[in-house]
Amino acid sequence: MFGGGAHPAAHTDSIRDRMRNMKISTLQRRAQASDRELYNLGITFTVYSDRDAIDRVLPFDVIPRVLSRDDWSHIERGCVQRVAALNRFLHDIYHEQHILNDGTVPAELVLRNANFRPEMKGLDLPHGTYVSICGIDLVRDGQGVFRVLEDNARTPSGVSYVVENRHLMMRAFPDLTGNVGLRQVSNYGMHLRAALAEIAPSSASDPNVVLMSPGVFNSAYFEHVFLAREMGVPLVEGRDLVVEDDRVFMKTTGGLRRVDVIYRRVDDAFLDPEQFNPESMLGVRGLFRAYRAGHVSLANAVGTGVADDKAVYAYMPRMVQYYLDEEPILPNVDTHLCREPEGLAYTLAHLSELVVKPVGESGGYGVVVGPKATRAELEECRARVEQNPANYISQPVIDLSVCPTLIDDSIEPRHVDLRPYIVTGKESWVLPGGLTRVALRKGSLVVNSSQGGGTKDTWVLE
Amino acid sequence: MGRYMERAENLARIVDVNETFARDEQGANDWLPILKLHRDEEAFFERYKKATSANVVRFYIIDEENPNSIIYSVRAARENARSIRHVISLETWAQLNVFYNWVASLTARNLRLSELSRLCGRIKEGVQLHSGIVTGTLYRDQVWSFYRLGVFTELADQITRLVDIKYHALLPSWQDVGSPVDIAQWNALLRSVSAYHGYRRVFPARMTPTTVAGFILLSPRFPRSLSHCVSNIEATLDELLTNEDLQDVSFPRDSLETLKELTSRSPESVITAGLHEYLDEAQVALLDFGAQVAATFFHAD
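Going line by line, the protein sequences match chains A and B. Per this note's numbering, the very first residue in the first sequence carries number 1; after that it's consecutive. Per this note's numbering, the very first residue in the second sequence carries number 1; after that it's consecutive.
Among the hints, erroneous ones may be present.
Reference excerpt, derived from the structure (chain A facing chain B, CB under 7 angstroms, subset only) [unchecked claim]: (1) Asn-40; (2) Gly-42; (3) Val-216; (4) Val-225; (5) Ala-228; (6) Arg-229; (7) Met-250; (8) Gly-254; (9) Gly-255; (10) Leu-440.
The set of hints was computed from the structure by calculation and includes no laboratory data. Don't be surprised by glycine CBs; every beta carbon is placed ideally from N, CA and C.
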């Protein structure tokens, strides 16, 4: 909200005017009511203990994060471009492998990647769409430049909070949300459903789309419910599906019903015990055969995880140029690949200034933030990097942009990131909003909910 | 979801009515019949020494280990609702969620005798609010039909169980029909199922085992009667089977026919032939019916 140099950004004038008329106590009261409401409505993630289900609310900050029309249009174009490159890349590595053969991306980086699925070779997908739902994590640096921190091309979560946060704001702050030219986010389900119908096998005239969840014990179960409801499609688990004659059916009270598209929130490894992890209880036997036969579409496709690997990420700007012949609209955060000698040398020499990340993990696991780490942690990190350099990348600590945030009885700056959601069928559409995560601890740069992060409603202005 | 909520309401009714009505005539309050009613004596005495009112109330309201307690039922209803959350209305989930959180927050302090009746009242209201929200918001497809089948099967099961235990309790004094103790028992029974005023309108002056049991089990106008439940089960099932997705489904009707036959009898013939045997037959048929629904529609073994 307050752009560079501590001057509030001009596009937030009218919103700041309105907020100025509210007392802190009013904000606090409404914030408490909102928390209560999130809990009551069950907009929660669930932690299971032996005998109880504990519902936790993701902390919600009532002061919105406001993006101007110009900033948004830049982000939107950048995200569409990035997803186009991701899809072209995935198609390429599962077909001719041009980008590997000519050495633009090191072949072993892809082919030896745990998330590379050789089973996918030669399979043609409708519209070449591998990544139907993409969440791209952006940060804004000290110069005001939006940079990509991470691509989430497997099963990005969090979009339910985007929509529910907005509904909450509209109820709690009718005096703030009205007539500011706020772009809507509540049609996400319609767009998603339409995109999923577009990637259906061409034989399906009126495609039956389902959402496949690991079940009530999954911490994101609320989101699965939310998405099934918003799309108006059945919510199923692996045990509700059956494959006969390479075709997928859903068990209903009236017998079996054909399934054409599965939005699966189950990892590749658990999809089909016949093809992948034989221990999987969450999957459907024979699903992959049906998929290879072209009788069912999966979103996202199998094998997209290789594209959001953190080492592959480092090559994304080059991929944009390679496949699209365009300059990347959204730059990466500078990334040093420890697999390369210069990258390794630089990383080890500047360990205390850098953020070191393992390449195959998500959710902030295994990340060491140099300036915040103890000497012992740094030494341990050094040992791990030296032992297996290819498994690590390092990046400079980005001075994330801040947003005003209600902390107890005052409004203070807190660091934020942004995850826009890009939905792709035949073409890409970007939800005008996104998940703003905020590090509620003073000075903290870690926005993950497991480490004291909360969310904000993200306002994109017309 | 519907079944578990009805169970919670029923438990609240029973605790409430036992506290309020069963105590005065006998001076002290006897809580054993409640344990008998649910065949819970064994489970209860495993963990409690005496069937004091405090212990029994605790056992049925907040004891999480007891599968027949209110907290257990409401939690099961909520977990059930969680798994079908995408097809129930948002309001249904939100109310159930709030209700569960409230029930889960109850402690022994909330169960003091002076508070008990009000507490049971709130629990009943919570369930009634739930069924009102479901009725007012649930989309009328198969989900609605199965919800109703669950609710009416549960109600039918409860009412037969309830009459059965009262019958046992009254057996020793069968000759003294009309004694004050006896009247108090029947009185409590009628009130526990909200049948008292309906009964009084039909039988302003009489209270005999035949008329009371007959009313509770067989009155087509009393909404918790076996008769009313069975005709709703039949209507719901028939409507369900007209659904075009279910054209290929064949449902065995034998247990339903048994239930219909049972509810077509007269109160006198029921009592003469033996109330206990009658209720036993009804419970077996209800169990069969539930199993047939599960096997036919949900492919359960």
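Each hint, compared with the structure:
1. Asn-40: holds, 5 angstroms
2. Gly-42: Holds. Min distance 5 angstroms.
3. Val-216: Cβ of Val-216 (chain A) sits 5 angstroms from chain B, so the hint holds.
4. Val-225: Result: holds, 4 angstroms to nearest chain B Cβ.
5. Ala-228: With a closest approach of 4 angstroms, the Ala-228 (chain A) hint holds.
6. Arg-229: With a minimum Cβ separation of about 5 angstroms from chain B (threshold 7 angstroms), the hint on Arg-229 (chain A) holds.
7. Met-250: At about 12 angstroms, which exceeds the 7 angstroms cut-off, the nearest Cβ of chain B leaves the hint on Met-250 (chain A) violated.
8. Gly-254: holds, 4 angstroms
9. Gly-255: This hint holds: Gly-255 (chain A) lies near chain B, its Cβ roughly 6 angstroms from the closest one there, short of 7 angstroms.
10. Leu-440: violated, 24 angstroms
The structure fails to meet hints 7, 10 from the earlier list, while all remaining hints are met.
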